[in-house]
Amino acid sequence: MMKKINLAIALGATCAGCDVAILDLNEKILEVFDLVEFKFWPTAMDFKLDDLKKLKDKEVDVGIYHGAIRTTEDAKIAKILRQKSKVVVAFGACANFGGIPSLANMPFEQDMFDLVYKDVPSMDNPENTVPLTSVKINDVELTLPGILENADALEEVIDVDYFVPGCPPMVPLIEQVVEVLKLYANTGKLPPKGSVIAGTKTLCEECGRTKPEKISFKEFISPQEVDEMDPDLCLLPQGILCLGPATRAGCDGLCTKMNVGCRGCLGPTDKVKDHGLKMISALTSLLEVEIEEEMTEEELDKIVDKIPDPLGTFYRFTYGKSLIYKLHSEEELI
Amino acid sequence: MKDFEPKIIGFLCTWCSYAGADLAGTSRIQYPSNIRIIRVMCSGRVNPMFVVNALQQGADGVLIGGCHPGDCHYQHGNYQARRRITMMKKLLEFLGIEPDRVRMTWVSAAEGRKFAQVIEEVTEDIRKLGPMKQVRRKNEW
Ligand code: SF4
Ligand code: SF4
Ligand code: SF4
Ligand code: FES
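One line per chain: the protein sequences are U and C, in this order. Residue numbers for the first sequence, in the numbering used here: 1153 to 1486. Residue numbers for the second sequence, in the numbering used here: -8 to 132.
Everything labelled a hint here was simulated from the structure, so no lab data went into it. Quick caveat, the model's predicted, so the values are computed rather than measured. Note that CB positions come from ideal geometry on N, CA and C, so glycine has one too. A couple of the hints might just be wrong.
These stretches of chain C come out as covered by chain U in the derived footprint (C-beta under 8 Å, 3 or more residues) [claimed, not checked]:
| # | segment |
| --- | --- |
| 1 | 37 to 46 |
| 2 | 65 to 71 |
| 3 | 76 to 87 |
Sequences and hints are given; from them, build the entire structure.
Below, the structure written as structure tokens:
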């Protein structure tokens, strides 16, 4: 009789899509219930943080964390999870790379609070009400966690053993995680520390679309601007931006199958420290190669200007863990 | 700011720009010593990571030098570099880093004087921009 694994699923700045992804296992979730004993999973069951705090150190075998570290509370929960767990898994693009929340780490000229609570066009806030960390009402003090300067990946706060990228991680990857849990329950064996539970090659290698020998990427167009899309041809020569050349395999081309360019949710492959720069390299080597000799600087500028938001395009999920982001952050002096 | 001497990293292709720098040297042409030259086989070798890493490690500007269009030893390298750096500068600009800190130039092996001129210009341009505001970080690459 195998021993059940104690599992905890904690969360930070999350959209809870990662929780839903786990439930997407459908009937396979029953296997999970046979395999594990839930010690903490506030999204799905009635758990409070105190339940996690009450556990003995390392009582949890596997602690899963999804979401970025955005508030002091997120960081606190991550630290508690680390203390209570033998191994910690960063689950989802947010926990792996800072994800979409980390796009807010962009150095705004203006305070992020002003932008969100005062200046966005949809905001009507004449009294300038902003959230406070503490307020007294009838002598009772109410508190909220503080917001951190940046939204960071889990690894910036605690030691992480395994990484499951994706926004959210796809069912085949979660099934792999279940297999890992099974092996752990049966034999006590775990993969080497630092393993990424996803593919090792790039998405292009597992994408079924045909890649012509010579690809020339014309200008950037949106899928809705394309009259007729070739369902079998690689998206790049059709003018649809696809981050496949720089993105880790593992999703089986979930988006590219649907004629939608990959946005890079699995992050870069091993050893690539900057997803966006890698993609810029890959993309510009294809950009209008056929007319490269005649193209003037102005024409080139015009094409490049068609990307309205280079940050959101090339770093949608990975800004918090990119080198370019670190050009800005002023911590960790050498 | 008067004393600010910009540090500029120059990635020069071995066949043209580096040879041009060599010629400037052997012809004893004077040019500012702000540039630190790194020889690469071709301007197309310059990965945007090199540029970001240089800025991150304390450079105030980066110059990428290649052969004139059409003259690249590897045929397309300089076209590729041009597209790559143009797109990268767009990203830098979006992030609030002055795109003029990064510049491309074409200098042939016979253009020692032009090389010296370019270095003078670049040094003055970067001097005007002032030091890179960002603080140096551990090299994590
Ligand atoms: S990785 Fe995606 S699905 Fe998961 S919490 Fe972040 S945004 Fe939501
Ligand atoms: S670029 Fe995109 S569509 Fe083309 S092969 Fe790669 S993943 Fe598939
Ligand atoms: S195709 Fe790209 S964006 Fe879509 S699921 Fe796969 S890795 Fe994520
Ligand atoms: S060899 Fe000089 S730019 Fe390619």
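Against the structure shown, which of the earlier numbered hints fail to hold, in ascending order?
none
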